[in-house]
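Chains A and B, in that order, give the protein sequences. Residue numbers for the first sequence follow this note's numbering, beginning at 1 and rising by one. Residue numbers for the second sequence follow this note's numbering, beginning at 1 and rising by one.
Read the hints as simulated data drawn from the structure, not as lab findings. Source: prediction; values computed, not measured. For glycine and all other residues, C-beta sits at the position ideal for the given N, C-alpha and C. Treat the hints with care, since some could be wrong.
As the list claims (entries may be wrong) - Facing chain B, according to a computed beta carbon distance under 7 angstroms, are these residues of chain A, among others:
#1 LEU41
#2 THR204
#3 GLY205
#4 ASN209
#5 GLU335
Said to hold, decoys possible - In silico DSS-like links for lysine-lysine, alpha-carbon gap of 27 angstroms or less:
#6 LYS51/A x LYS4/B
#7 LYS347/A x LYS205/B
#8 LYS347/A x LYS307/A
#9 LYS7/B x LYS347/A
#10 LYS244/A x LYS347/A
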Amino acid sequence: MTRKATRKTTNVELLNQLRDVLGGRRVSRGETDRINYGRDLWPRSLLEVRKGQVPHQPEMIVWPETTEEVSRVLRICNEMRVPVVPFGAGSGLCGAAQPMCGGVVLDAKRMARIERIVPETQMIVCQTGIIGAHLETELNRHGLTMGHFPGSFGTSTLGGYLATRSAGMAATGYGKIEDMLISMQVVLADGSVIRTRTAPRRATGPDFNHLFLGSEGSLGVITSATMRAHMLPEARVFRALSFKKMDAGLNAVRRMLRAGLRPVIARLSDEADTLTTLHALGVEAKDCVLLLVFEGRAVRIDLEMKKALAITRELGGRDFGEATAQRWYGRRNSEQYRQSPLMTDEKLLLDTVEVSTVWSNATHLYTAMRKALSKKVSVLGVMPHAYPEGCSLAFTIIGRAGRADDLAAYDAVWKLALDTAAQAGGAISHAYGIGRLKFDRLAQQNPAAVELLRGMKRRLDPNDILNPGKLAPCTEGAC
Amino acid sequence: MLKKFHKEIEYGTYCPKLCRFACPVANATGNETQTPWGRMTLLHLVGEGALNWNREVSLSTYRCTTCMLCREYCDHEIEVPAVMLAAREKAVADRMQPQESAEFERFFSERHNPMGDDLAARLRTLLPSSLFNPDAQVVYFPGCVMIYNYPQTIKNTFRVLEAMDINYVACYDAEVPCCGVPLHDQGYQEAFAKNAQELGRKLSKAKVIITGCPSCAYTLKVQLPQAGVQLTDRIYHMTEFLAPLVAEGKLPIRRPYTKRLIYHDPCYLGRYLHVFDQPRQLLNEVCREPIEEFSWHRQKSYCCGGGGGIPVTNPVMARDIAQKRLVEVHEGEKKSLVTACPSCMRAFEKADDSVEVLDVVDVLARCI
Ligand SMILES: Cc1cc2nc3c(=O)[nH]c(=O)nc-3n(C[C@H](O)[C@H](O)[C@H](O)COP(=O)(O)OP(=O)(O)OC[C@H]3O[C@@H](n4cnc5c(N)ncnc54)[C@H](O)[C@@H]3O)c2cc1C
């Protein structure tokens, strides 16, 4: 039975009801909007659009402005059994915001109001449709920073960060988005609203923030959040170092963190990434380059940098100086732009596989991924984020489909990547989420967790209207 | 028309839309279709034959203010406005332009300007006849928006010039009152070219042209030559003309300007003509309080919503964009907004009549 068959409504009834809530201008079923809400930035969708295809289009798009409006929209859709896909800025890289079953896309970006900034306690309360760059600009005006700078900073929202457990470029220092969240307001599928409490720490049973963090729009619509911010740093120091082997670089970063040092950025490139990404950005260094940035109080960060350099020397690292690292920092977002020219080649495949693991397994995971992937594609490896217990590893993969269909070739590379990551003991996602891309692998790797998720989904969204097919199999299985 | 923009369209379709946060239209609407990425995707699909070139697609290309802020955040420096303007030209050729646009063009052609009034007559009643000299070498070109909406600024311009003992600047008689940019923005290239020819004849003797309108300055300087009409290459915005003279002490300042001001960089003056310092220099000469800056300023200034013909085709969107820009004006101490473009002034005044909006020249005039 297809989902459409379970529908209790026609499009016209739905349209009329949604218009009653939002007015005509904030509901669209125009063809151009349906096309542009038919994809996020999942590179597989890029391959499709390159061929002129946008296969999964919603029937309508709505732009609520308040929690109340979200609640009313969900009540209508729940009553009518119409899928609703929460949508931030569609920058997701796994197809999580793709409306696989059609239905209504609920774009959160008109919910972008900052409700309160409290510089004294470094907190901000705001609606979740706000774009990261706008949020940061406002915080900066109050002497604060969020410390969350994903590569998609100009085109992703707070709601998207929370719903995918995003990590910014400075996550080594400021943590991932889940470390910045204090409380949130969420609208459930039946339109009811729940709020978690704003308190520094709580011991009031399980933390429901974590139910919705990473829920990819499948358990509720996050409409507002209270976030922890940080004081704008007084100073920043930079260094480019290099190591002959990845292993030594990984070891250096581990030791820095164990010594209590907290660089905001510790980004380690393998040789291939140094020669392509870093050289293109004007970073004249060789081997495996570690870019270190400390920020905060000048006295503290100078001491931290001294200690970091001492560790580097002990491990045979080479110092390429401050200016080299500053050059990279000034152009650090440029690597996000390489996709467009490459994609004009109609056989080219491009994506980033990002995984994570504990330090004791980091070299093994890195080596296994590089070895497996290199058989099929060119690989640029990076360790973008580090934590006291381990790190993430990201592999930019660039290949050509050859005679094979590009979608089939893409799927084959990803299967290999995820199989290898799982076999080598890695988590199959560090920050980009699961979406459509990794769901099957997640279900295979951790059936118990998926079963639990399915149970929660059944409890919170019994009609399976919220982003069906994501994080739990679509109930009808026919989409 | 769109073939020559193949690279722009493909790059825009495959891009990670990192300019999104800077696009005034995208920010005002929250709609993905109204981002450079969304519009380019549609044009790509049309090119692939996967989508019909229809009115809905064409309308999406009219939702760009041509502010060019997106280019600031594009490593490939893709210029979205050029593509949108070419698409509008195609829309006109295929009769798929918005209805408002078609009506606007009819109105313009009948009355030779977007206001429908006899602007030359208005100008004659505004200034003494001695200021009009068809043979003058240095000509002030007021532009239609200024004549219709800000006659006082025109008067102030000549008061300031007089106070500086500058008597060699004559006022253009405005018989062809408009530079034609409103036609250009709506995709009427033929009508624009015709207007350009007529204007070229009227201004052929001028050795120096000065205007208070950045769009006029850009059109006369760049777009007229593209339509085959070459005027003098000495075309200046009024602030460029005045700044060095005022710096030399030529302006007799009787009293400083004491109220708080925040300066808005017009897109066409700033990003298109690279004039950032001169308006600030002029204001700094006469103002007691330091000039406040928007958080988005100079090269990264944010649009007022008045460009790209948006007020004609999408007036609500234009208002929303202006209101976003005005949020900072309302913060902190009471202040007036000062700019150097009559279209920006108009956009702000229409969006919020509680804000006092001034031209740099108005501020100078209050100090002499
Ligand atoms: C160039 C580029 C660089 C990137 N760099 C990084 C990076 O450094 N780090 C990183 O973590 N990610 C990165 N990403 C991926 C992406 O930006 C993140 O996944 C981001 O968190 C998605 O935010 P969004 O607002 O665009 O969400 P969308 O893509 O619109 O949605 C993502 C998921 O969240 C759900 N969702 C969105 N809003 C809500 C809401 N209010 N309530 C409930 N569910 C919601 C959607 O249903 C969907 O499942 C990058 C992407 C690109 C294109």
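Structure-based check of each hint:
1. LEU41: holds (6 angstroms)
2. THR204: violated (35 angstroms)
3. GLY205: violated (36 angstroms)
4. ASN209: Hint violated; ASN209/A Cβ to chain B Cβ min 26 angstroms, cut 7 angstroms.
5. GLU335: violated (9 angstroms)
6. LYS51/A x LYS4/B: Between LYS51/A and LYS4/B the Cα gap is close to 20 angstroms, so the pair holds against 27 angstroms.
7. LYS347/A x LYS205/B: This hinted pair is violated, its Cα atoms lying about 57 angstroms apart.
8. LYS347/A x LYS307/A: violated (47 angstroms)
9. LYS7/B x LYS347/A: Holds, at about 17 angstroms.
10. LYS244/A x LYS347/A: Violated, because 34 angstroms separates the two Cα atoms, which is more than 27 angstroms.
Of the numbered hints given earlier, the model fails hints 2, 3, 4, 5, 7, 8, 10; all others are met.
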